[in-house]
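Letter by letter, the chains look like this.
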Amino acid sequence: MPKVDMDMAEGTIAKWHVSEGEKVARGDPLFDIETDKAAMEVEAPGEGTLHHVLAGEGDTVAIGSAVAFLYSEGEEVGDPPAGAKPAMGSEEPTGRRGETRSDTQPVQEEPAAPPDEKRKIEAGPRATPLARRLAREADLRLSDIPGTGPRGRIQGEDVREAVRATDMRASPDPEPKGRAGAQTGPPLVLIHGFLSDAQSWGPLEKAFGSGRPIHKLELPGHGRATRKPPADFSALVSHMRRGLDELNLEAMHLVGHSLGGAVALALADTRPRRVASLTLIAPAGLGPQIDGAALDGMLRATRAESLAPWLKRLVADPDRISWNYVQAVLAGRSDEDLRDAQRRMAETLFADGTQCFDLQAALGRVEMPTRIIWGRRDGIIPWSHALSAPGRVSLNLFDDLGHMPQIEAPEAVADLLAASVGLAP
Amino acid sequence: MPDTAQANVPFAIATYDPDRLRAALRKMYLIRKFEEGAEDSYTRGLIHGTMHLSIGQEASAVASCMALTDDDKITSTHRGHGHCVAKGADVARMFAEFFGKEEGYCRGRGGSMHIADVEKGNLGANGIVGGGLPIAVGAALSAKRLGTGAVTVCFFGDGANNEGAFHEALNMAAIWKLPVVFVCENNKYGMSTSTERSTAVANIADRAAAYAMPGVTVDGNDFSEVAEAVETAVARARRGEGPSLIENVTYRWRGHSKSDRNRYRTKDEIAGWVKKDPIARMGAMLVTHGIMAEEDIAAMETDVDDEIAEAIEFARSGTDPDPAEVTRDVHTDRAA
Amino acid sequence: MNAAAGVRTREMSYAEAIRDAMDIALTEDERVVLMGEDIGVYGGAFQVTGDLVERHGPDRVIDTPISELGGAGVAVGAAMTGLRPILEFQFSDFATLAMEQIVNQAAKVRYMLGGAVSVPVVMRFPAGSGTGAAAQHSQSLEAWLGHVPGLKVVQPTTPEDAKGMLLAALDDPDPVMIFEHKLLYKLKGQVPEGRYTTPLDKAVVRRAGDAVTVVASGIMVHKALEAAGQLAEDGIEAEVIDLRSVRPIDRETILESVRKTGRLLCVYEAVKTLGIGAEISAMVAESDAFDFLDAPIVRLGGAECPIPYNPDLEKAAVPQIADILDAARALATGRR
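Residue numbers (the UniProt record's numbering), protein chains in the order written: chain H, 1 to 425; chain R, 1 to 336; chain C, 1 to 336.
If we strip away everything but chain H, and leave its shape as in the complex, we get:
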């Protein structure tokens, strides 16, 4: 029984396309399976003749268990190998010869040569000793727990997550609401960009709804955070990590924009077991270029007239920047300490109009589902930085958006976020 879905533990045989003794070619449909999410056709992994169908239609089988055996031409068909039986099922064979056989099965006195290694593999789940112990103590089956470690290894945190999920299922959902109607999964953690603050997430929050709890972290020198600027990018990340750790979340979906995206990536790199998914919106840190003039202009602006042209650079459609919005931004920058902290951060993080930190290696390391969202008309950071992402990172590039997709097109970004989080739209 192949694993065809991330959190699939077992599958039900919906239909056999081939019957016992029939020949199949590689790629022929073998059987259909149903999971709680989808139906799927399973193809023959190689050429051969089908024997020993252990799981019939309607049987539910744990992933990794044998459902039948394919014999290559000329290979002697013997008994099903010892222990080769579905781990569960509506009709569980005992495995003793003859007792549960249909009359289509071969009857042979001599034990046959064992089927070749490929077919013999009983994919017992890979799990660390800690995971095995925790599963034992929680009375959970390892085969029911998806592993997030290397090569799908089940680690301690995976079992803890499964225990939490079990506990949540056990207690009645207090107030179903939001997209998928339940706040059951890990919360979102949002980190805003340079010269912005937590309030900037308003439109996205509204579009996303209340499907998950949302935490917003503010960068130092921004919003209501400390006015003490970090010494460098590493200190910035350390500061943010402390903030993240204080939230005491076992798991989260991490979202960051621009400089906040770079921070989110660095956090995911060092807290990989807690970050269920990572969404980076126009992130910094993937290349050296940045519009230093725009940063400088915004930092220096003391009047709406000098601020407005730079704010308009942030978006693809300058008309979106209303006069009222410019004045609101200016009001938010009235705190001298805040401006001072931001100037100092710019001096270290974006000296000489250059991004002075590089997270491309971190992007290469992170293994959780990761998505990059970018507008191709970004005037602050070139969207083409996204192209350095490794293949397993999803790229969502919007032709008509600028540096602020979450403000310019909150619904579209919310849909992508919902997909990352695993909520139905």
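Be careful, since some hints might not be right.
[What the hints assert, rightly or not] Each pair of labels, with its calculated beta carbon distance range:
1. C/Ala232 to H/Arg343: 22 to 30 Å
2. C/Ile66 to R/Ala212: 13 to 21 Å
3. H/Ala14 to C/Ala232: 49 to 57 Å
[Said to hold, decoys possible] Here are some, though not all, of the chain H residues that point toward chain C, as calculated from beta-carbon distances under 10 Å:
4. Thr148
5. Ser234
6. Arg241
7. Thr270
Think of the hints as simulated: they come from the structure by calculation, not from any bench.
From the three backbone atoms N, C-alpha and C, an ideal C-beta is built for every residue, glycine too.
Could you slot chains R and C onto chain H? The hints should help.
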């Protein structure tokens, strides 16, 4: 020291009182009969492992210890039963060790090859050829530094004289003028290889010249000759003049160990050496000089036979070590 | 530990701390002697004994000939008979010349003799690579000796421990082998004045953390601490355990840490295969801490080759900070 040449009396007769001479002969018998008893017990399957018998070399062991007190030390070899008895050990506890009992000198942990009696100054037999040589030098260094006046006699075989440890040990003893006497028991063969085939010099004692120390080769089956050489060397050591090398030429009647098939020497050669039996020669000397009568010697033999029989009985009825205590004495128990 | 207890301390190098310990011992105890090649007026190959010969005289700070086997044996024999020798090897590599006396004699005498004698000898071995001295002067052989019951084998890593463990070794009735990494001799640190001892059987947590346990020995402790500092900047708190004692290994300190972190990295300079990393890994795997492991155990040890001469090759042959950093990060972040 008496002028033996002038009196035409053997050194031993002139030097030791009759009681000590009788005791020395008794020790030689004790060694011989201890080893015969051990061999017999081995043949009967009562003791396991292997053993290296020194039958035929008893004069070397006993005479070399005549100059020593219990404060003086010896280091011994894998062929060390004689040294142990000569230094004053109790054969009952030696047999107990052979039988692997708690009552044995090593509480059953050492066996034949590591037999020791530290209280009497025997720092132990050694399973490594040449292993005891530097240790003896260390014991002599202690004596010199601590001013105890003790001398160490270092027994080793002809085989060990070709080990690097021999060179290093003799050199250090000489440069530091340490109170140690190196006694080589040259029994002609290192296992099967004769000294002629293994050693460049005619006499092992010739090698003393390389370390600027006195070297003397004596008839190892002549109790008096050995005693005289060792007494002289021990006196020199006690005076702080440093080490000496003595070569006792002797012969082992039995094979190297219990697994020896004796293919490297002839029956005639062995028979020739049996005629030079050191115990018979010692007995004859004591009779000649009127210290013992033939009947006294016969009575002594019977007495020793009884002691050996009792010792074997003591050993057989000893306490078997508790396997749970297999790691005891790996380290010193500091609480004890 | 002593440095924090209000005891007066003084800044000293690792070598000076060892000399201070030996000075205290020579002053307090007449039985203590130093032995070794060129430890007198030369001051020792690494200037550890320094001027001790001027203060305590050539009879107690004894230059030996270039005789490693003999020197070790003399130290063993002296220790068996009342002295408390400290034997310095010029390089730990030369222990191979003295293996007979260390392994067959020092380690076993007490056991073979059923506890009748102790061997309170201390041997010091300047060890490790990093000096460009190539294959025969750069080895880390602590695991060789750690394999021998009867020996205690330690690797102090700080000046304070170097002094405290040497004084503890002198207090110990059994043979203690001290491996001193040559690159540590110039390491400075606060050292308590006067006499104190540091346990010979206890590891110590040098840096607390919860993400991964790094058990390091010898100079690798300093490299592991450097790596842990860098990891902390990324919010990964590694726990660094200074093994200190190779035999016995402080089981409980390691297991307790592994129960906390679930991840184990062993770092040692000696050749990786059949080394202390294997022992620690097996110890954890055999214990209840196994059920706390959340990732495979990782060992970082020396390459499977002799230590090469070329400086880049020499670095490549032993774990470096970057190697520790990578391995610890991968473990702590669940990627191994």
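Outcome of the hint check:
1. Between C/Ala232 and H/Arg343 the CB atoms are about 29 Å apart, so this pair conforms to the stated range of 22 to 30 Å.
2. Take C/Ile66 and R/Ala212: their Cβ atoms lie about 18 Å apart, and the range 13 to 21 Å holds.
3. For H/Ala14 paired with C/Ala232, a C-beta distance near 53 Å keeps the hint of 49 to 57 Å intact.
4. For H/Thr148, the suggested interface contact is upheld, since its CB lies about 8 Å from the closest CB of chain C, less than 10 Å.
5. Because the smallest distance between the Cβ of H/Ser234 and any Cβ of chain C comes to about 5 Å, under 10 Å, the interface hint for this residue holds.
6. With a cut of 10 Å, the hint placing H/Arg241 at the interface with chain C holds, because the nearest CB-to-CB distance is about 4 Å.
7. Taken as an interface hint, H/Thr270 checks out: its beta carbon lies about 5 Å from the nearest beta carbon of chain C, inside 10 Å.
Violation of the numbered hints given earlier is absent; every hint is satisfied by the structure.
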